[in-house]
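Asker: Residues per chain, in single letters:
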Amino acid sequence: MTEGRPRSFYVLAIFFAAYVLFLYGPMIAIYILSFQGPQGGLTFPMNGVSTYWLAKLFQGTGIVDLGAAFRRSLLLGVVVMVVTVVLSVAAGMAFRRKFKAQSILFYSAIASLIVPSIITSLGISLEFRIIDDLIKGYFNENFETSMGLLTSGLGAHLTWTLPFGLLIMFAIFNRFDPRLEEAARDLGATPWQAFRHVVLPIILPSVIGIGLFGFTLSWDELARSSQAIGAVNTLPLDLQGLTTTVTNPDIYALGTVISAVSFAVITLALGTIHMLNKRQAAKGSDAGKGLV
Amino acid sequence: MDTSEDILQQASPDLVRGSGMARRTKPARLSPSFVSWLQAGPMMLVFLAFFLIPLVFVVIVSFWDYNEYQLLPAFSGRGYTDTFEGCIAQLPDLCTIGRTYVMTLKLCFLVWAITLFIGFWVAYFLAFHVKSKTWQMGLSLLCTIPFWTSNVIRMIAWIPLLGRNGLVNSGLVKTGLINQPLEWLLFSEFSVVLALVHLFTFFMVVPIFNSMVRIDKALIEAAYDAGATGFQTLVNVVIPLAKPGIVIGSIFVITIVMGDFITIGVMGGQQIAAAGKIIETRVNALQFPAAAANAVILLAITFLIITMMSRIVDIRKEL
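The listed protein sequences correspond, in order, to chains Y and B. For the first sequence, full-length UniProt numbering gives the first residue as 1, with consecutive numbering after it. For the second sequence, full-length UniProt numbering gives the first residue as 1, with consecutive numbering after it.
These are computed hints drawn from the structure, not numbers from a lab. Some hints could be false.
Example chain Y residues on the side facing chain B (calculated, C-beta under 8 angstroms, incomplete) [as the list claims (entries may be wrong)]:
id : residue
1  : Ser8
2  : Leu23
3  : Pro116
4  : Leu122
5  : Ile124
6  : Ala223
7  : Pro236
8  : Leu239
Just so it is clear, CB atoms sit at the ideal spot from N, CA and C, and this is done for glycine as well.
Produce the entire structure from the sequences given, and follow the hints as far as they go.
Answerer: Printed below as a string of structure tokens:
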């Protein structure tokens, strides 16, 4: 088709560009503002340029114990990522054939995705409160709480990341050619060998995508953490707490640091996916290239 | 799994036995249904422990009694009666919970309508006007990246723009359009809707785009060839075929806004009452049965909306 683009193309292109500006504009504004001078305020114009506010965050003299919250969020994010990847791939494999309770698992995942986060969060907190009461009543009066980052907090995050992981696995296996695996089995591979040497390398780029979803969703999670995380706070919770008392740009600096981690993870994951895809394209198949 | 090897085995046992040289003797095979359980079980357990059982607890606790500082595990409808307090006495005026839900539904409708409009055209542009796969990938990625960054940051990002001394106000004052800064730009219904649209249009774009790329381009050409105008093609071909995506996106956006309390809290300056916000307030006051009762009501209304919408389309088919 060599004819010119229709007028609607230009109208929609402008619309799309405006949408992208709408998406990124405000965020870029706070990234810039976090580099203000020590006298800087909450809005433009910039009052000098410095890394004063960013440095202040890392000195720990700022608003919250950022270092501890940062480490907690990072730990939780990594654990959530690993669990999400493993459980999603396993469940995705199960869905390739019929099994009982298939639709129960499917609808649980969908429901977990769309039931409002505050309800899930409240439910988990009630569940753990009741468990605590039971332990206190029957076993140990001095028991404090079973709620925590890697118990109720981890569970709350998984109810959010696992549905995404499962849906991505569906998308992967919709495009997956089962003959490849059958060929491996015909050549004598055990089920595990067929998975390890045939299936996994093919789906690996998308599996990294699941990891990316798992980490970033957890790293930025707020609504589900709010009631279920226990006594400690994650980084987004600290940030939310600050929004009501904000008076100087350190909140922007904190925002910039959190975003920087998100962007680093996104870049790393996308880079790896790109590399793996290239490698697959280069070495994946020698079909049609004659005998080697 | 029924591999071709099994079929071969039945068809000609000798053949397979002959190839057995290359492989170890097969260990007793796990039954396929057991393997499925092993694979899907862990995820099922997570949903059971952290989603299904908690939901049951929400329903149970909503019927418990409470006092100022603790839960009393005895049947009581107090969580509900407290919630609907004064609803009959104040008729025909709306009681607190009624007003809160009217506000929530209003926000919901506004955000839904705006995200649908933006999401539809963004998806349309990506699916039909961007021809090269690389560009399509790149531009989709551009829309996805903000979804992977923090929602709170994307909310507070509006402060320097919309605040009393923000860019918008100072710009408008400078150009002489207004004499004094607009107060309704930030910490208002306007800023809540703006932030919700900013955060969640993504959930509309993805499913609609997904439906649109599956539309056979020949159908659209056929419509044009048969003499349809661009508008007729849009209404009679594109929209019906994109309907599943539209419904799924709508379900996402509506359920998110129904349960939202963070965006409404932060962008509304903690002044706007919404369904999710009541739950949070009750929890902070340690009135768990009342919080649970509100959660049950919210769940019921959300469920009602979803059933109505999923009547229109079979979600399962679209994945």
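Asker: Each of the hints needs a verdict: does it hold here or not?
Answerer: Here is how each hint holds up against the structure:
Checking serine 8/Y against chain B: minimum C-beta separation of about 7 angstroms stays under 8 angstroms; hint holds. Against a cut-off of 8 angstroms between C-beta atoms, the interface hint on leucine 23/Y holds, since the closest Cβ of chain B lies about 5 angstroms away. Because the closest C-beta pair between proline 116/Y and chain B is about 2 angstroms apart, less than 8 angstroms, the hint holds. Proximity of leucine 122/Y to chain B holds as hinted, the smallest CB-CB distance being about 5 angstroms (cut-off 8 angstroms).
Checking isoleucine 124/Y against chain B by beta carbon gives a least distance of about 5 angstroms; that is within 8 angstroms, so the hint holds. The closest approach between the C-beta of alanine 223/Y and any C-beta of chain B is roughly 6 angstroms, which is under the 8 angstroms cut-off, so the hint is satisfied. The criterion of a C-beta within 8 angstroms of any C-beta in chain B is met by proline 236/Y, whose closest approach is roughly 6 angstroms, and the hint holds. The restraint placing leucine 239/Y at the interface with chain B holds, with a minimum CB-CB distance near 5 angstroms, inside the 8 angstroms limit.
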